[in-house]
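From first to last, the protein sequence lines stand for chains H and G.
Position 108 of the first sequence, counted from 1, bears residue number 108 in my numbering, the numbering being contiguous throughout.
In my numbering, each residue carries its 1-based index in the second sequence increased by 1000.
These are computed hints drawn from the structure, not numbers from a lab.
Virtual Cβ for every residue (Gly too), placed ideally from N, Cα, C.
There may be inaccurate statements among the hints.
One side of the interface only, derived from the structure: several residues of chain G facing chain H at Cβ under 7 angstroms [to be verified]:
hint: 1; residue: 1080
hint: 2; residue: 1084
hint: 3; residue: 1110
hint: 4; residue: 1112
hint: 5; residue: 1120
hint: 6; residue: 1126
hint: 7; residue: 1135
hint: 8; residue: 1140
hint: 9; residue: 1171
hint: 10; residue: 1176
hint: 11; residue: 1177
hint: 12; residue: 1247
hint: 13; residue: 1280
hint: 14; residue: 1296
Pairwise CB distance ranges, derived in the manner of DEER restraints [what the hints assert, rightly or not]:
hint: 15; chain 1: G; residue 1: 1029; chain 2: H; residue 2: 38; range: 27 to 35 angstroms
hint: 16; chain 1: H; residue 1: 245; chain 2: G; residue 2: 1204; range: 32 to 40 angstroms
hint: 17; chain 1: H; residue 1: 40; chain 2: G; residue 2: 1089; range: 17 to 25 angstroms
2 protein chains.
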Amino acid sequence: MPEHFADRIAAAVRRAQSRVCVGLDPAAEGVARALGVRLDPKDPAAAAAAIWEFNQRILEAVQPYCGVVKPQSAFYEVWGPAGIETLRRTIERARELGLICILDAKRNDIASTAAAYADAYLGDGPLATDALTVNPYLGADGIVPFLEVGRPRGRGIFVLVKTSNPSSVDVQDARLFTSLLVLGGKVVYERVAELVAEWGAESLGACGYSDVGAVVGATFPGELAALRERLPKTWFLVPGYGRQGGSATGVALAFDREGLGAVVNSSSAIIFAGKQYPDVHYAVAAGEAACEMRDDLEAALEARHA
Amino acid sequence: MPEHFADRIAAAVRRAQSRVCVGLDPAAEGVARALGVRLDPKDPAAAAAAIWEFNQRILEAVQPYCGVVKPQSAFYEVWGPAGIETLRRTIERARELGLICILDAKRNDIASTAAAYADAYLGDGPLATDALTVNPYLGADGIVPFLEVGRPRGRGIFVLVKTSNPSSVDVQDARLFTSLLVLGGKVVYERVAELVAEWGAESLGACGYSDVGAVVGATFPGELAALRERLPKTWFLVPGYGRQGGSATGVALAFDREGLGAVVNSSSAIIFAGKQYPDVHYAVAAGEAACEMRDDLEAALEARHA
Chain H
1 MPEHFADRIA AAVRRAQSRV CVGLDPAAEG VARALGVRLD PKDPAAAAAA
51 IWEFNQRILE AVQPYCGVVK PQSAFYEVWG PAGIETLRRT IERARELGLI
101 CILDAKRNDI ASTAAAYADA YLGDGPLATD ALTVNPYLGA DGIVPFLEVG
151 RPRGRGIFVL VKTSNPSSVD VQDARLFTSL LVLGGKVVYE RVAELVAEWG
201 AESLGACGYS DVGAVVGATF PGELAALRER LPKTWFLVPG YGRQGGSATG
251 VALAFDREGL GAVVNSSSAI IFAGKQYPDV HYAVAAGEAA CEMRDDLEAA
301 LEARHA
Chain G
1001 MPEHFADRIA AAVRRAQSRV CVGLDPAAEG VARALGVRLD PKDPAAAAAA
1051 IWEFNQRILE AVQPYCGVVK PQSAFYEVWG PAGIETLRRT IERARELGLI
1101 CILDAKRNDI ASTAAAYADA YLGDGPLATD ALTVNPYLGA DGIVPFLEVG
1151 RPRGRGIFVL VKTSNPSSVD VQDARLFTSL LVLGGKVVYE RVAELVAEWG
1201 AESLGACGYS DVGAVVGATF PGELAALRER LPKTWFLVPG YGRQGGSATG
1251 VALAFDREGL GAVVNSSSAI IFAGKQYPDV HYAVAAGEAA CEMRDDLEAA
1301 LEARHA
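My request is simple: use the sequences and hints to build the entire structure.
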């Protein structure tokens, strides 16, 4: 039996002494600037090769400062089959480097289709990785197939609960009718949080956490703190740090007393940090940015527990 | 300016005189049976080539009986880069045959990531198609980028509203608190339906429909009829016909008075119809199944309007 996913991500965080997750979102413009080449939409094979070169350097540079990386599938899919080959290599290389690789693809479907997605990303196929983000709109039918494939292999999922974007309120913050006695109790994402706890309760690792994580944005610190209370056994993947407005003090609320239970993602502010320092190699700048973010998070955690 | 998406799908339905959407969900087992080969998980290139052979024959066989096809992305992603190459060819071939191709990928993300997905499937890249299914959990931020890319190109989206699976109730049917005067008015999917109408209202085709469609399952006929009333300008993509329990009489409720406004999807019952008839070529059996479903839908529509 492979190690439980929650224990694997905990080990990766401890190894790096870092709660940083580096988002591998290789947007064409940023990669072109870093490499000093043009990514031509008419030549997807060349563009995908450039991204692979970029990602290799970035992975090697940030590896000392993070336990977890998160490729964002869209930036590979946009280049078609060649982009997916770069995604495959990126996942493979990240795992060779001892990093936990969360593919951010927000998949969602039911029955045999959900099983096919699960096989694709948590099974034994060419794109197999450590964890996958999934969308809960379809309910349990859209979640259980991922657990059936991932769980026996020590892999996990992160369910979207409360996302970092302003219009996350459109659906996620719609207030539910509970009963005539408890008027307007919960909102939609709190209902989803309950489901996440239920789905995860069946499988806890030695560290006490489950293999069903939650995506909770850094841009709503109050909600983040409340969800930490309600979901004591759930790993959080926290996007929205930095550029989107989440602060280190705010995201410190995502962690438990031991400083475990969450990783905080940053994408372009790390991988494209070289934009600010034209005289420094882009990979060196990325490594320094990851190191700095690690230190910022550690300082915020210490301040919180002081 | 290209033709509006709503008018393009209306034309495709009229051309074929058919409300059938054939789901191209080439599950390994079914393709293996049809071709008399084994799809080896260790040889994704060979498996993807077999699926391409299968899909070509299916597309040619069903083309006279449907205006719309819907490849399900999971069954291509599972084979990695080679599978995506088969998806690319399938989309290209479907469009050459004059079919409207809806990629069922249920994508969802925000900002530059949503823009990358939009570029990937509704832009000018290798996987560009006519329409894409999207998940509304992230709100408007997860929808608008698709319209910005797709609209000027005459392409559309279908937003998940009420899906066909039993646990769609987990989130979609959660009842909302409206006000102290209107207790327990709407449920989540009705709120999403309102958003779909808003997003679509900005762009109507000559046929009166918008380029923001809705996915509404055939398995809940009462909800389907109510949504048809509430969304008079929204194309419906209706899954769940046949195997999942939706009847022709039930799905007839998805159409407007002119018999427009919806396409009804069937996947394995058409593409793997040959399973029932071992002496018939699989493509012939698929063509006959598509023809029969077309006739069933026409008969149900006539009965409803008689």
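Hint check results:
The restraint placing residue 1080/G at the interface with chain H holds, with a minimum CB-CB distance near 3 angstroms, inside the 7 angstroms limit. A least Cβ separation of about 4 angstroms between residue 1084/G and chain H falls short of the 7 angstroms threshold, and the interface hint therefore holds. Because the smallest distance between the Cβ of residue 1110/G and any Cβ of chain H comes to about 4 angstroms, under 7 angstroms, the interface hint for this residue holds. For residue 1112/G, the suggested interface contact is upheld, since its CB lies about 6 angstroms from the closest CB of chain H, less than 7 angstroms.
Taken as an interface hint, residue 1120/G checks out: its beta carbon lies about 4 angstroms from the nearest beta carbon of chain H, inside 7 angstroms. At about 3 angstroms, the closest approach between the beta carbon of residue 1126/G and any beta carbon in chain H falls short of 7 angstroms, and the interface hint on this residue holds. At about 5 angstroms, the closest approach between the beta carbon of residue 1135/G and any beta carbon in chain H falls short of 7 angstroms, and the interface hint on this residue holds. The restraint placing residue 1140/G at the interface with chain H holds, with a minimum CB-CB distance near 4 angstroms, inside the 7 angstroms limit.
The interface hint given for residue 1171/G is met, as the beta carbon of that residue sits about 6 angstroms from the closest beta carbon of chain H, less than 7 angstroms. Interface hint at residue 1176/G: satisfied, since its Cβ lies 5 angstroms from the closest Cβ of chain H, which is below the 7 angstroms cut-off. At a threshold of 7 angstroms, the smallest CB-CB gap from residue 1177/G to chain H is about 4 angstroms, leaving the interface hint in force. Evaluation of the residue 1247/G hint against chain H yields a violated restraint, the C-beta minimum of about 19 angstroms exceeding 7 angstroms.
Taking 7 angstroms as the C-beta cut-off, the interface hint given for residue 1280/G is violated, the closest approach to chain H being about 24 angstroms. At a threshold of 7 angstroms, the smallest CB-CB gap from residue 1296/G to chain H is about 23 angstroms, leaving the interface hint violated. Restraint check, residue 1029/G to residue 38/H: a C-beta distance of roughly 44 angstroms breaks the suggested window 27 to 35 angstroms. A hinted range of 32 to 40 angstroms holds for the C-beta pair residue 245/H and residue 1204/G, which are about 36 angstroms apart.
For residue 40/H and residue 1089/G, the Cβ-Cβ distance of about 22 angstroms falls inside the hinted range of 17 to 25 angstroms, so the restraint holds.
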